[in-house]
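Novice: Listed in order, the protein sequences are those of chains A, B, C and D.
Heads up: the first sequence begins at 1 in the working numbering, then just goes up one per residue.
Heads up: the second sequence begins at 100 in the working numbering, then just goes up one per residue.
Heads up: the third sequence begins at 199 in the working numbering, then just goes up one per residue.
Heads up: the fourth sequence begins at 671 in the working numbering, then just goes up one per residue.
It should be emphasised that the hints constitute simulated quantities derived from the structure, not laboratory data.
Treat each hint with caution, since some may be false.
Stated by the list, open to error - From chain C, some residues computed to sit far from chain A (all C-beta separations above 12 Å):
#: 1; residue: Ser223
#: 2; residue: Asp360
#: 3; residue: Phe373
#: 4; residue: Asp655
#: 5; residue: Cys664
As the list claims (entries may be wrong) - Quick list of in silico lysine to aspartate or glutamate cross-link-like pairs, DMTMM-like style, CA-CA up to 25 Å:
#: 6; chain 1: C; residue 1: Lys585; chain 2: D; residue 2: Glu1005
#: 7; chain 1: C; residue 1: Lys281; chain 2: A; residue 2: Glu60
#: 8; chain 1: D; residue 1: Lys702; chain 2: B; residue 2: Glu192
#: 9; chain 1: D; residue 1: Lys755; chain 2: B; residue 2: Glu192
#: 10; chain 1: C; residue 1: Lys230; chain 2: A; residue 2: Glu60
#: 11; chain 1: C; residue 1: Lys623; chain 2: C; residue 2: Glu498
#: 12; chain 1: C; residue 1: Lys329; chain 2: A; residue 2: Glu60
#: 13; chain 1: D; residue 1: Lys1057; chain 2: C; residue 2: Glu578
#: 14; chain 1: D; residue 1: Lys1140; chain 2: D; residue 2: Glu1050
#: 15; chain 1: D; residue 1: Lys1057; chain 2: C; residue 2: Glu582
#: 16; chain 1: D; residue 1: Lys1045; chain 2: D; residue 2: Asp912
#: 17; chain 1: C; residue 1: Lys230; chain 2: C; residue 2: Asp252
#: 18; chain 1: D; residue 1: Lys1057; chain 2: C; residue 2: Glu583
#: 19; chain 1: C; residue 1: Lys573; chain 2: A; residue 2: Glu60
#: 20; chain 1: C; residue 1: Lys648; chain 2: C; residue 2: Glu566
#: 21; chain 1: D; residue 1: Lys1013; chain 2: D; residue 2: Asp975
#: 22; chain 1: D; residue 1: Lys702; chain 2: B; residue 2: Asp161
#: 23; chain 1: C; residue 1: Lys585; chain 2: D; residue 2: Asp1134
Small disclaimer: the values here were computed from a predicted structure and weren't measured.
The beta-carbon is built from N, C-alpha and C at its ideal position, and this holds for glycine as well.
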Amino acid sequence: MLNWITANQQIIYIVILMIFVGIEVIGRVPSVLHTPLMSGANAIHGVVIIGAIIVMGQAETDNFLALILGFLAVILGTLNVVGGFVVTDRMLEMFKKKK
Amino acid sequence: MLNWITANQQIIYIVILMIFVGIEVIGRVPSVLHTPLMSGANAIHGVVIIGAIIVMGQAETDNFLALILGFLAVILGTLNVVGGFVVTDRMLEMFKKKK
Amino acid sequence: MEINILTICYLIGSITFILGLKMLSNPATARKGNLVAAAGMTIAILGTIFLYTDEAGNGLHNHLWIFGGLAIGGVIGTLAAKKVKMTAMPEMVSLFNGMGGACAALISLVEFNHLSHEIQLTGISGGHEGKVLIIALGLIIGSVSFAGSMIAWGKLNGKVKDFSFTGQNILNLIFLALALAAAAWLVIDPTQAYLLYVIFVLSLLYGVLFVMPIGGADMPVVISLLNSFTGVAAAFGGFLYDNKVMLTGGILVGAAGTLLTMLMCKAMNRSLKNVLIGSFGGNKTGAAHDGGEQGGHYKEITLSDASMLMSYANKVIIVPGYGLAVAQAQHVCHELEKILNEKGVEVIYAIHPVAGRMPGHMNVLLAEADVSYEKLQEMEQVNEEFKTADLVLILGANDVVNPAAKNDPASPIYGMPILEVELAKNVIVNKRSMKPGYAGIENDLFYRPKTSMLFGDAKKVLQDLCAEIKTV
Amino acid sequence: MEINILTICYLIGSITFILGLKMLSNPATARKGNLVAAAGMTIAILGTIFLYTDEAGNGLHNHLWIFGGLAIGGVIGTLAAKKVKMTAMPEMVSLFNGMGGACAALISLVEFNHLSHEIQLTGISGGHEGKVLIIALGLIIGSVSFAGSMIAWGKLNGKVKDFSFTGQNILNLIFLALALAAAAWLVIDPTQAYLLYVIFVLSLLYGVLFVMPIGGADMPVVISLLNSFTGVAAAFGGFLYDNKVMLTGGILVGAAGTLLTMLMCKAMNRSLKNVLIGSFGGNKTGAAHDGGEQGGHYKEITLSDASMLMSYANKVIIVPGYGLAVAQAQHVCHELEKILNEKGVEVIYAIHPVAGRMPGHMNVLLAEADVSYEKLQEMEQVNEEFKTADLVLILGANDVVNPAAKNDPASPIYGMPILEVELAKNVIVNKRSMKPGYAGIENDLFYRPKTSMLFGDAKKVLQDLCAEIKTV
Ligand SMILES: NC(=O)c1ccc[n+]([C@@H]2O[C@H](COP(=O)([O-])OP(=O)(O)OC[C@H]3O[C@@H](n4cnc5c(N)ncnc54)[C@H](OP(=O)(O)O)[C@@H]3O)[C@@H](O)[C@H]2O)c1
Ligand SMILES: NC(=O)c1ccc[n+]([C@@H]2O[C@H](COP(=O)([O-])OP(=O)(O)OC[C@H]3O[C@@H](n4cnc5c(N)ncnc54)[C@H](OP(=O)(O)O)[C@@H]3O)[C@@H](O)[C@H]2O)c1
């Protein structure tokens, strides 16, 4: 356990700093932006798609379980990413000042 | 150069994230706290003392140049740290509400 | 070489996510922020497809499958997001969030299969603890997020009803504990592959039961929480592949999502715990007595009197609330505004931050009806303006104008800032009955001398009002 | 084992630095934040002394020297910080900052010596590029910070005068370029040890010349900038020893210090570039014509009239400025406040964010004289209160009440928010002459019908006022 901490100290730093950044960066958000912000963050965690792509791209061409699950994962991940960004954009479109 | 980036990507992440943290964390400071904040940050960079301690602690006992410069570095670093925190505390003492 | 460029792509991705989120939290830059994050995501995805290599230096294959999946997901995602009605957007977000959770869970399933193979081939079952742990945790949190989001989605579009029984919380905790125990066992003995499916099923059950008892109105908070769960699931993927952009993106959303969840609760003057395991201190049914019981006296106003008052006012402030959304009366409301404008009456809207059932609900609703953004005023500003108004028209709002939040320390909503409609000369309240709103509490405002009630469904009443005013 | 605990110590150190800085930027938690950071620093230092081991597993020796150094530095530092007068604190900060820079520079010198030895012994001069580069850059920035801070310190306590000549900026850049060139050469051929001293001297020169031409009043900004330089120097130390707490602490201060520098400039409505290479667009002398030239008409008021006005007022608002600090009149000012209070006159202070010559200058000054914190009002609040005041007494303030900031787009201070003293019934201005203040521009306020001038040194005038009012 202790050895693990030293071996992975850089990752630990990255995680902790990222938590600080995540908290600080949205600390000043006005409440009317809560929903678009949630939606935007939702799109960002769609980055999990990268894992799906790796799974898919490494699957042996005869391993049907991996191929099918991986394919599904790519589709779902893409839905998350693309749908997330598009829906956020649509929400925010309504907040722009019409001049 | 490119290889260096991959080899050191974790450090690069830490540096970049730390920059974000540094900026976000003080973004909301009211102007009356500018001076104490500067002073507190001044004390924090006194962390350079750790380098001085390592220099000192690794100097061969017959290397007088290293010993003397290291000793000086420890003194100066301590001045920075201790003086920095004490002076900040004194400044802030004056901002507390007297009730 | 390629791997170095990929590192840079990922670095760019991580930075755009941070910048994007930062920009998203400021009205002036929000839309650009979304695009910035999307651009970073594109770079990270394309980089992965073309530049990724495993330790042995092999690139990815199955490009056809990958692009096929991207195309299908992309088209469906775009269409769904473009077609959805403005007011159904939270449902959509919940659905997309569930997809992300499912994606994480599937990755865990496939990766464990790989690992099982390896273990069978080499016969060595030790030394995989870290990897198995990450896979199992990723599976748990991904599945919970998926199942929970689906239920939240069902609740928001009315397909799933609230459902709870005594001891449900305890049962939930047991499911979660069992899933964690199974994960621990699997770490110790990774040859027991079936345990993975046990974990999967238990986690799905936990996700369903966790969201089931929570009231539909609290779903935005729940979705935000599940959103941060999916972020953590993505971060586990980052650990698994030692992939920095997944790791940082996931943690970023995990942290920001958690804070956002708490900010949302704070805006409603409630605690997260209160949202998750009890509705307003658990006394919702107790406090929700019918109108009239209070024994107070309220005044009604006729349609024609109301239209008179409006036509001859200089300034009318409209306070929209949840009832306006339910009645889908935003278009007629805009209609009324235009008719009054033609008569020379100034009309503005007073937007309370938690009016409706999701943050920004009223903004979204009125924007759909093309109400101009300048006419929407936020609480702080408009509270200064009420004293200059001749008439306040409250359309299906209740809690957000309840003076108990200011006067009655015993009230569950005490401390929430409200719209101070009583500063105006007259107040007309439109709702269907004397029933309470979301918080389930009486509203003294309805019994005040300045206030007159105009009962009926918001859409119907507004249509009649429009007709009447035209004839004045 | 020990190394693992040390890792945790460093992790704690880094986190406390972040939390400390965060708390320092909020008035309610600032003092605790300072202590939190100090605690983390203590843990990191003690951890290093007792737990540090090099790659070969050897701990540190020379403990006597180390503790000796810590004791000496600690005692001197504490005494200096405790003894210094409140108003001399910025000087002190500058001095301490210089010590940190010097410390970083010394580390570079010693470490390069080590490296030289190694190269001599092994005869291999390649493969050290990274380390040499870090050492050289650390030396440059540490020395610049040290030299610059010393000059800033000298300017603030009046020992060093402003000094500039044409082409100075270009000469500066040449020094810096030479230092960088020498560093590059050293990286290529690390056997040329003498180059290190060339770099050292050039950097010191650059530091001196960089700060020399900048006006004494701008020193707080310069110190803040040098502060962030020292942070970066500490970060280079972190790279050198692969030490995370030095790295993160240094970068944190480097980033926060840079932002703080810009915030300070913004509060004065200037750009950083403008502070560093030109005084108010370089036309300081041009704009600083003497009073009277404007040809306007100003009213004087006698001491006895002024004391009358004050004694019979209901509410007096005092606007302190740089002149009050120069005259060291804070104690008499508090005295006057007490005398007026006894006569039933309400007295409050209006604090402009950039009154004086450092942020918080007036707070510090008045706190020294024991003025209660509640009587100090910040600009936004007090601007609402001026209209309720019978009299505003301006003591050695000028730019912060200059209406040109609001009315005259051509003015160099246009856009800076000011104290709107003209909303009060009467305004009395105390200063020694009609000369302009820091920005070097005329002030129309002095010529307005509501304004009367009360010339003289602030301390003297206040003493006389006190004496007069007692007799009323
Ligand atoms: N915005 C958010 O993020 C969010 C999220 C979750 C919860 N909340 C909570 O939701 C509440 C929002 O307050 P609010 O004032 O907007 O709504 P509310 O307090 O829930 O009151 C809505 C009122 O609308 C009336 N109504 C319902 N259907 C109607 C129809 N068809 N026509 C006319 N009136 C109708 C209801 O009375 P009748 O039944 O008598 O018609 C009800 O009293 C707050 O308590 C807030 O904390 C907000
Ligand atoms: N606070 C900061 O962080 C900071 C830092 C750097 C610069 N600044 C700048 O400094 C300025 C501060 O404005 P301010 O209104 O406080 O000061 P100011 O505009 O500099 O004016 C000070 C006035 O005090 C008078 N004075 C000097 N000695 C005096 C004495 N012994 N007794 C009485 N009066 C005396 C001077 O006039 P006479 O010569 O006629 O007496 C002068 O006009 C702003 O321009 C700000 O941007 C602020």
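Novice: Against this structure, judge whether each hint is valid.
Specialist: Cross-check of the supplied hints:
1. Ser223: Its Cβ does come within 12 Å of chain A, the nearest being 4 Å, so this is violated.
2. Asp360: 22 Å, holds
3. Phe373: 24 Å, holds
4. Asp655: 25 Å, holds
5. Cys664: About 23 Å separates Cys664 (chain C) from the closest Cβ of chain A, which puts it past 12 Å; holds.
6. C:Lys585 to D:Glu1005: Violated: Lys585 (chain C) and Glu1005 (chain D) sit about 44 Å apart, past 25 Å.
7. C:Lys281 to A:Glu60: Violated, at about 38 Å.
8. D:Lys702 to B:Glu192: Distance of about 11 Å is within 25 Å: holds.
9. D:Lys755 to B:Glu192: With Cα atoms ~14 Å apart, Lys755 (chain D) and Glu192 (chain B) stay inside 25 Å; holds.
10. C:Lys230 to A:Glu60: 40 Å, violated
11. C:Lys623 to C:Glu498: This hinted pair holds, its Cα atoms lying about 17 Å apart.
12. C:Lys329 to A:Glu60: 21 Å, holds
13. D:Lys1057 to C:Glu578: With Cα atoms ~23 Å apart, Lys1057 (chain D) and Glu578 (chain C) stay inside 25 Å; holds.
14. D:Lys1140 to D:Glu1050: At roughly 33 Å apart (the allowed maximum being 25 Å), Glu1050 (chain D) and Lys1140 (chain D) break the hint.
15. D:Lys1057 to C:Glu582: 20 Å, holds
16. D:Lys1045 to D:Asp912: Not OK: Lys1045 (chain D) and Asp912 (chain D) at ~50 Å, beyond 25 Å, violated.
17. C:Lys230 to C:Asp252: Violated, at roughly 35 Å.
18. D:Lys1057 to C:Glu583: 22 Å, holds
19. C:Lys573 to A:Glu60: The hint is violated at about 59 Å.
20. C:Lys648 to C:Glu566: Between Lys648 (chain C) and Glu566 (chain C) the Cα gap is close to 32 Å, so the pair fails against 25 Å, i.e. violated.
21. D:Lys1013 to D:Asp975: 17 Å, holds
22. D:Lys702 to B:Asp161: Roughly 44 Å between the alpha carbons, so the hint for Lys702 (chain D) and Asp161 (chain B) is violated.
23. C:Lys585 to D:Asp1134: Roughly 49 Å separates the two Cα atoms, so the pair is violated.
Figure legend: structure checked against the earlier numbered hints; hints not met, in rising order: 1, 6, 7, 10, 14, 16, 17, 19, 20, 22 and 23.
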